[in-house]
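Participant: Sequence lines, in order, name chains B and R. With our numbering, letter number 70 in the first sequence gets 70, and the count goes up by one each step, no holes. With our numbering, letter number 188 in the second sequence gets 188, and the count goes up by one each step, no holes.
Treat the hints loosely; a few may be bogus.
Said to hold, decoys possible - Derived lysine-lysine pairs resembling DSSO-like cross-links, with alpha carbons at most 27 Å apart:
(1) Lys45/R x Lys192/B
(2) Lys50/B x Lys105/B
(3) Lys187/B x Lys124/B
(4) Lys192/B x Lys233/B
(5) Lys124/B x Lys250/B
(6) Lys187/B x Lys13/R
(7) Lys13/R x Lys192/B
(8) Lys50/B x Lys124/B
(9) Lys167/R x Lys13/R
(10) Lys52/B x Lys192/B
(11) Lys167/R x Lys187/B
(12) Lys105/B x Lys250/B
It is worth saying that the hints were derived from the structure and are not from the lab.
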Amino acid sequence: MRYTRLKAVTAAVVLAAGLAACGDAGSDDDSGSDVSVSENAADNFDDGTKMKEIADAGTVRVGVKFDQPGLGFMPTGGDIPEGFDVEIAKILVASLGIDPEDTSKVSYVETVSDNREPFLEGDKVDLVAASYSITDERRQVVGQAGPYMVTGQQLLVPEDSDVTGPADLQGEEVCSVTGSTSLENVKAEGMKPVGFDTYSQCVDKVLDGTVEAMSTDGSILLGYASQNEGMLKVVGDEFSEERIGVGYSKESPEMCQWIVDTLTEASEDGAYQDAWDATLGASGEEAPELPEMDECM
Amino acid sequence: MDTVIDYLPEIGKAFTYTALLFIISAVLSLILGTILVAMRVGPVKVLRVTGTLYVNLVRNTPLAMIFFFFQFAAPRIGITFNWVDVHIGQFDFTSFFTAAVVSLTLYTSTFVCESLRSGINSVSLGQAEAARAIGLPFGGVMSQIVLPQAFRASVPPTASALIAMLKNTSVAAVFGVIEATSQMKSMTNDNADARLEIFIAFSIGYIVLVEVVSLIAGSMERRWRIA
Numbered sequence: 001m002r003y004t005r006l007k008a009v010t011a012a013v014v015l016a017a018g019l020a021a022c023g024d025a026g027s028d029d030d031s032g033s034d035v036s037v038s039e040n041a042a043d044n045f046d047d048g049t050k051m052k053e054i055a056d057a058g059t060v061r062v063g064v065k066f067d068q069p070g071l072g073f074m075p076t077g078g079d080i081p082e083g084f085d086v087e088i089a090k091i092l093v094a095s096l097g098i099d100p101e102d103t104s105k106v107s108y109v110e111t112v113s114d115n116r117e118p119f120l121e122g123d124k125v126d127l128v129a130a131s132y133s134i135t136d137e138r139r140q141v142v143g144q145a146g147p148y149m150v151t152g153q154q155l156l157v158p159e160d161s162d163v164t165g166p167a168d169l170q171g172e173e174v175c176s177v178t179g180s181t182s183l184e185n186v187k188a189e190g191m192k193p194v195g196f197d198t199y200s201q202c203v204d205k206v207l208d209g210t211v212e213a214m215s216t217d218g219s220i221l222l223g224y225a226s227q228n229e230g231m232l233k234v235v236g237d238e239f240s241e242e243r244i245g246v247g248y249s250k251e252s253p254e255m256c257q258w259i260v261d262t263l264t265e266a267s268e269d270g271a272y273q274d275a276w277d278a279t280l281g282a283s284g285e286e287a288p289e290l291p292e293m294d295e296c297m
Numbered sequence: 001m002d003t004v005i006d007y008l009p010e011i012g013k014a015f016t017y018t019a020l021l022f023i024i025s026a027v028l029s030l031i032l033g034t035i036l037v038a039m040r041v042g043p044v045k046v047l048r049v050t051g052t053l054y055v056n057l058v059r060n061t062p063l064a065m066i067f068f069f070f071q072f073a074a075p076r077i078g079i080t081f082n083w084v085d086v087h088i089g090q091f092d093f094t095s096f097f098t099a100a101v102v103s104l105t106l107y108t109s110t111f112v113c114e115s116l117r118s119g120i121n122s123v124s125l126g127q128a129e130a131a132r133a134i135g136l137p138f139g140g141v142m143s144q145i146v147l148p149q150a151f152r153a154s155v156p157p158t159a160s161a162l163i164a165m166l167k168n169t170s171v172a173a174v175f176g177v178i179e180a181t182s183q184m185k186s187m188t189n190d191n192a193d194a195r196l197e198i199f200i201a202f203s204i205g206y207i208v209l210v211e212v213v214s215l216i217a218g219s220m221e222r223r224w225r226i227a
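If we strip away everything but chain R, and leave its shape as in the complex, we get (with noise of 0.2 Å):
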């Protein structure tokens, strides 16, 4: 245990990366997620092709490829992220970071896109006729009636998606972020005896930010459930 002691701060500081990375992926994807899915269910053609075929495009490509793309790819073609360079405390937020949030953001929005649109074709159709019926228009129809309901159904299916996310955080340790599976790799390289306590204190951190992720998702569950 001396060793995970030891290095305590590092973790800390590591695992504080793996939850920024997690919470501002998530509130990104959140919102990337609902345009998508407006997009999905609206009355326009041109849109709801182009973001069935953005959920199809990038839902069907592994994420390490999406974190290759931007990391290798794209500056090629002059996409960088070279100038992000916010310093806030000990923590650097520059291209790397940047690139890792884009691609979790990008990635995971298609699939929440993918549950909120099941949670809408959970609400019945009649309630989109009478809120039609009654004169609201496309944009009040989703806002009033359909995505109040469409959030409460899918509030779970939501909560995996983002809880695979906050798991999928460990990708960006081969792309330049120092986040906790980066930290841990470093550190059962040095201290190739201490391994498996070093294993065990990652997961414990691991599980623990996913129990937090879960309880906020059954606290929302409750207080949107149908009384």
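Excised from the complex, chain B in its bound form (with noise of 0.2 Å):
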């Protein structure tokens, strides 16, 4: 009896881990559009730039968000993050010549909303990809290129929520990330900022029902809205417009150039389209065009 038992649990858990096997290899086919690496790349930046620094090392640390679904999203027990940022960051480091896949040669640092300019500034990072939104404040203290992305804010509510715009919540109480540019926006609109560490545990206060709404960038809300299916809505028009760019360091201002250059020819040979595809696009929604990006200093 007891090996008939016995025999029958193994053959379970050996199936379960061949079917876990199975489905990460399909959520890795998914999750990431391929990015072709370019072959010698590092011939093809001139001596003392950035680009062939980073390219002769074989090594580069890109900057992205852990907790955005969509945008930049580490999965638990994962190594790469997933989402349209890290696959923007991907296609630059692969133009470099490294392999984007290869976690020894590039690491994904998180980065959240307060300490991109540090990172970039204190040398921690080569790249920010991380819904960094295009400032003049920021451009002050660290390189933006870009924008590749332009999105706005717009509010999460659930799913029996009669809101329809910040019309609807003056006055009531909105969350989102302490010290971020949407909770600024969520004052300005006569709303009352209630600051958070992470978006997640703002999509947990509208949960349970401390606060009627949570606003940020419509692309992060959305794939929180797709995550808890059936509970949560994104309604309202964009009440703001956010310019997303790569942030670099203002000490390698030759990399603004490369930045766009490489996008540009990322959107003419369809890897812009197909990163969006395996990521924001993933419900359904078209790709985009490359906004016109700005022209570097």
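Taking the hints as your guide, dock the two standalone chains into a single complex.
Facilitator: Here it is as structure tokens:
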């Protein structure tokens, strides 16, 4: 008796493991677009540029978000984050001749809203692709190339909520991340800002009914809405415009033109659209055109 | 400096939240701390054990975890502060402020309890025995004889606990209260070019607040000094 049971359990475990492995393999294929790595990339860059330096070294550090489904999200137990920002970073990394899937060469560093400039200034990361909106104040201290995406702030509310926009939430508490631009916009729209550490904590506060809504870029909210299908929905027109760009150190201004050129090329050969389809576009939304990017100074 | 001056009204409001968090939690911590210490030194075993258990449990937990509990775990078991909805002028006291006050109070009261206990231990046993001998009940022994002397001895450690709490209010920044640290994060995010001056301005704000608390503690110490 005992033996049969043991066998059954073993078989079940083996089966489950096999299935899990299949599942993993499947999701790996879905989660990233295929990015082709340029060979001998170092030859493409002039001596003395940061790109040459990185390509020669063969290692690069990229700052991305870990807690924003669809943009930059680290799955539990995963070693490469997933999302549109991450795919953009992969395109850039690949053009330097580095395999973006090889974590021994590319380190994906978690950056939160508040430490993106300090990380670039302190040379802790080479690039930042972390839903990094371009602002004049930020351009005083770091370089920002792009935008590679233009998005706007919307509201995430419970499925049964009647709220249709900021006008319905005047004087009500709305959650966002402490210190983020979104939180400032919430205030500017006449709602009461409530700041938490991460967006997922805000989702929790919306789900438990403490706040009526949370607000940030529509693309981030869409990710949470699809994660909590049937419980949360995104409503309202965009009430701000965020131009999302790639951050680099001000000490290497030559990176700007390289980022713009690489992304333009990616848009022409379809890699940009693939990146969208594999991440934010998974729900069927058409890939947008690459926005017109700012000229490099 | 321009950035800081532009934001002066917001900075003032944020520090007012910090100060209010501090004042309300400090008063409640002193009350709860006194009750706890009475339990811990009292003659009733059940209360003594409960008090000791509470102090050891809460004091050994990081403050952020207590905040986490009241924001994310407690609502699951039906404990919410959503019924709190007070608005005074431009200040709002809702569930987030209340949860912050509760967390800070529960946490700091354990430190207040322990610093009061150190004061009580400094009162020689003979004092309590003499008070018992003239017929005072436990409440009388404590309120008339022991606590007045104990408070005097425990002013410096209690002041330290409260100063630590004043700075601990910054944890509320990531739990829904727009207090000084939260305001600072907003400002450094929007004004990446003026980070240094913003940091300095907010540090000065905290230093001033702590200095006020130290001065009050110092004057109490002098007033209650044995002549």
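Participant: Given the proposed pairing of Lys187/B with Lys124/B, does the C-alpha separation stay at or below 27 Å?
Facilitator: violated (32 Å)
Participant: Against the 27 Å threshold, does the CA-CA distance of Lys124/B and Lys250/B hold or violate the hint?
Facilitator: holds (13 Å)
Participant: Would you mind confirming whether the straight-line C-alpha gap from Lys50/B to Lys124/B stays at or under 27 Å?
Facilitator: It holds: about 14 Å lies between the C-alpha atoms, which stays within 27 Å.
Participant: Is the hinted pair Lys167/R and Lys13/R satisfied, with a Cα-Cα distance of at most 27 Å?
Facilitator: Distance of about 17 Å is within 27 Å: holds.
Participant: Holds or violated: Lys45/R and Lys192/B, Cα atoms, limit 27 Å.
Facilitator: violated (48 Å)
Participant: Would you mind confirming whether the straight-line C-alpha gap from Lys52/B to Lys192/B stays at or under 27 Å?
Facilitator: Given pair Lys52/B, Lys192/B is violated - Cα atoms ~48 Å apart, limit 27 Å.
Participant: Taking 27 Å as the top limit, are the C-alpha atoms of Lys13/R and Lys192/B close enough?
Facilitator: holds (14 Å)
Participant: Given the proposed pairing of Lys50/B with Lys105/B, does the C-alpha separation stay at or below 27 Å?
Facilitator: holds (16 Å)
Participant: Would you check the hint for Lys192/B and Lys233/B, treating anything up to 27 Å between C-alpha atoms as holding?
Facilitator: holds (20 Å)
Participant: Sort out whether Lys250/B lies within 27 Å of Lys105/B, counting only the CA atoms.
Facilitator: Satisfied, since the Cα-Cα distance of roughly 23 Å is no more than 27 Å.
Participant: Are the Cα positions of Lys167/R and Lys187/B separated by 27 Å at most?
Facilitator: holds (26 Å)
Participant: Does the alpha-carbon distance linking Lys187/B and Lys13/R stay inside the 27 Å limit?
Facilitator: Roughly 14 Å between the alpha carbons, so the hint for Lys187/B and Lys13/R holds.
Comparing the model with each numbered hint stated earlier shows that hints 1, 3 and 10 do not hold.
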